[in-house]
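**Q** For reference, the chains in residue letters:
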Amino acid sequence: MKKSIVSILLSFVGIFLVLGLWAAISANVAPDLPSPLRTWEESRLYIMEPWQKRGEMDQGIGLMTAYSLLRVAKGFALALLIGTPLGFLLGSSPLFFRMFDPTIQILRPISPLAWLPLGLILFRQSEPAALFTIALCSMWPTVVNTMQGVRAIPQDYHNVAKVLRLSPWRKFTKIMLPATLPYMFSGYRLSLGIAWLVIVAAEMLTGTPGVGGFLWQEYNSLIYSHILLCILTIGIVGFILNRLMGFAETRLRAA
Amino acid sequence: MSYLNLTNIAKSFGPRSILHNISLSLAEGEFVSIVGASASGKTTLVKIASGLATADSGSVTIAGRAVNGFIEEAGMVFQNYSLLPWLSALENVRLAVEPAFPQWTPKQHTDQAMKYLDMVGLGKAALKTPAQLSGGMRQRVSIARAFAAEPRILFLDEPFGALDALTRATLQQELAQLCRAAGRPVTALMITNSVEEAILLSDRIHALGRGPGATLSPGFTVDLARPRSAGLLMHDAKAVSLRHRLAEFLTTGAVAAPALVKEVA
Ligand SMILES: Nc1ncnc2c1ncn2[C@@H]1O[C@H](COP(=O)(O)OP(=O)(O)O)[C@@H](O)[C@H]1O
Ligand SMILES: [Mg+2]
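Sequences listed follow chains A and B, in order.
If you count the first sequence from 1, position 20 lands on 20 in this note's numbering, and the numbers rise without skipping.
If you count the second sequence from 1, position 56 lands on 311 in this note's numbering, and the numbers rise without skipping.
In case anyone wonders, no lab produced these hints; they're calculated from the structure.
Among these hints, one or two may not hold up.
What the hints assert, rightly or not - The list that follows gives simulated cross-link-like pairs (lysine-lysine, DSBU-like), each with its CA atoms no further than 35 Å apart:
hint, chain 1, residue 1, chain 2, residue 2
1, B, K302, B, K493
2, B, K370, A, K162
3, B, K493, A, K162
4, A, K171, B, K379
5, A, K171, B, K302
6, B, K379, B, K493
7, B, K379, A, K162
8, A, K53, A, K74
9, A, K162, B, K302
10, B, K383, B, K493
11, B, K370, A, K171
12, B, K362, A, K171
13, A, K74, A, K171
14, B, K362, A, K162
15, A, K171, B, K383
Everything numeric in this text was worked out from a predicted model, so none of it was measured.
One chain only, chain A, in its complex shape:
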């Protein structure tokens, strides 16, 4: 208990030190960088009235975040829907693994900035192109972790399935899925992190409303303090998402 209070205090000390560094840099080195105070003053309206819609690209930070989160949720769901079965397939069939592993290794490091134009060509609209990019970039940890989870199932469990004469479906629901679940969730957590990274790039390039789109627009309108507002929002939301997934993961392992 005492220890956790100390940790919380220490993390605040860290935050204040970084704010101090930021203020020092904006005062002495980079005059274009708004100071923390100026950032707060110019962003106040967006933070205090987070659900206010003044125009297509001029909305409270809560609304902007909500748009981004919704988009991420869709892309992430798509990634899980494709990635999980793919992981199971690759994990259970050595043939499939040998066939597709090299392709996956090539697709995995491709940046969202490279996928997005392709998505725009394919779908001719920014929204599906963004979802396509999020799904394609974020599904790999799900694929790889699920695959490793399936591979890590002890031979004993496969023998149990044979001895009990479980049907393939029963074997899947009673053995494969529960045995793989913790691995799948580690993959989901990593995938969500990537999806949140990709959203900013996707919104910047497509100019759709959301934290990323807002950030890019304010850069173009030379309102630099709003860039910092967006950056902080992205960081905080990402942190919360990771915490939530981590929480779900530990609950799962404990169960």
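Since the structure of chain A is provided, determine the placement of chain B with the ligands on it from the hints.
**A** This is chain B with the ligands only, laid out in the frame that chain A set:
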């Protein structure tokens, strides 16, 4: 009339020959044990006999049919229990009951699972998960799981190997009791590293020599009335002599006093 038949089984892993020229047959209703030191190939042998693994050469038949995949009417008790940790004791047993009796209602499946959990004294712990049970209780669940499917032949791979001596003795008696209560002769092939355990439970015992290329000793018939108590085995002249001859074979690889040994074809 033999039920399970192994003929000239050989198995190697890479260059290492594990089993060599093993032949064994079990009559219906016969309880046969194989005693051997660890790493002599006992698990490999029981996997081949049950159809979980295939031999390099030789043949396995059950009721005259060639074995291809795990024998349909068989049950198995694993060395390490192999319960599913995310299921309760009841669900673990029920999982075996469902495919064994597909025509039954869910209620009947649950009743059957509960009946066998009760028989091993775990009726009250039915809803606990394996992690909440002791080693002895886990193996009881595993035994209940095997019996609840009412198999015609049972394979037991060192069922009590991981248990302390006291729990082990209790479970041996419970297993003997389950076999008697089955209402029909249970055909079983048990692997064990304990000569006493083999004598307590079997009709016939074979010793598996030390590898590499382990071979099977002739059968030692256990001509003792049932039920057998552990105490009786310490004093009964026939049991003592049998223990000595088995121990002798296991240490020297030779069969002592051949006149006393009834070889079983
Ligand atoms: N799948 C396998 N691949 C390679 N070696 C194996 C395999 N299974 C068992 N062995 C080896 O075969 C020998 C006998 O194993 P096992 O049948 O498990 O012995 P036991 O059950 O008598 O202890 C051991 O030395 C073990 O290392
Ligand atoms: Mg073994």
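**Q** Does each hint fit the structure? Answer for all of them.
**A** Results for each hint:
no.: 1; hint: K302(B) to K493(B); result: 32 Å, holds
no.: 2; hint: K370(B) to K162(A); result: 23 Å, holds
no.: 3; hint: K493(B) to K162(A); result: 40 Å, violated
no.: 4; hint: K171(A) to K379(B); result: 27 Å, holds
no.: 5; hint: K171(A) to K302(B); result: 20 Å, holds
no.: 6; hint: K379(B) to K493(B); result: 40 Å, violated
no.: 7; hint: K379(B) to K162(A); result: 29 Å, holds
no.: 8; hint: K53(A) to K74(A); result: 23 Å, holds
no.: 9; hint: K162(A) to K302(B); result: 12 Å, holds
no.: 10; hint: K383(B) to K493(B); result: 43 Å, violated
no.: 11; hint: K370(B) to K171(A); result: 24 Å, holds
no.: 12; hint: K362(B) to K171(A); result: 21 Å, holds
no.: 13; hint: K74(A) to K171(A); result: 30 Å, holds
no.: 14; hint: K362(B) to K162(A); result: 24 Å, holds
no.: 15; hint: K171(A) to K383(B); result: 21 Å, holds
Hint violations for this structure: numbers 3, 6 and 10, all remaining hints satisfied.
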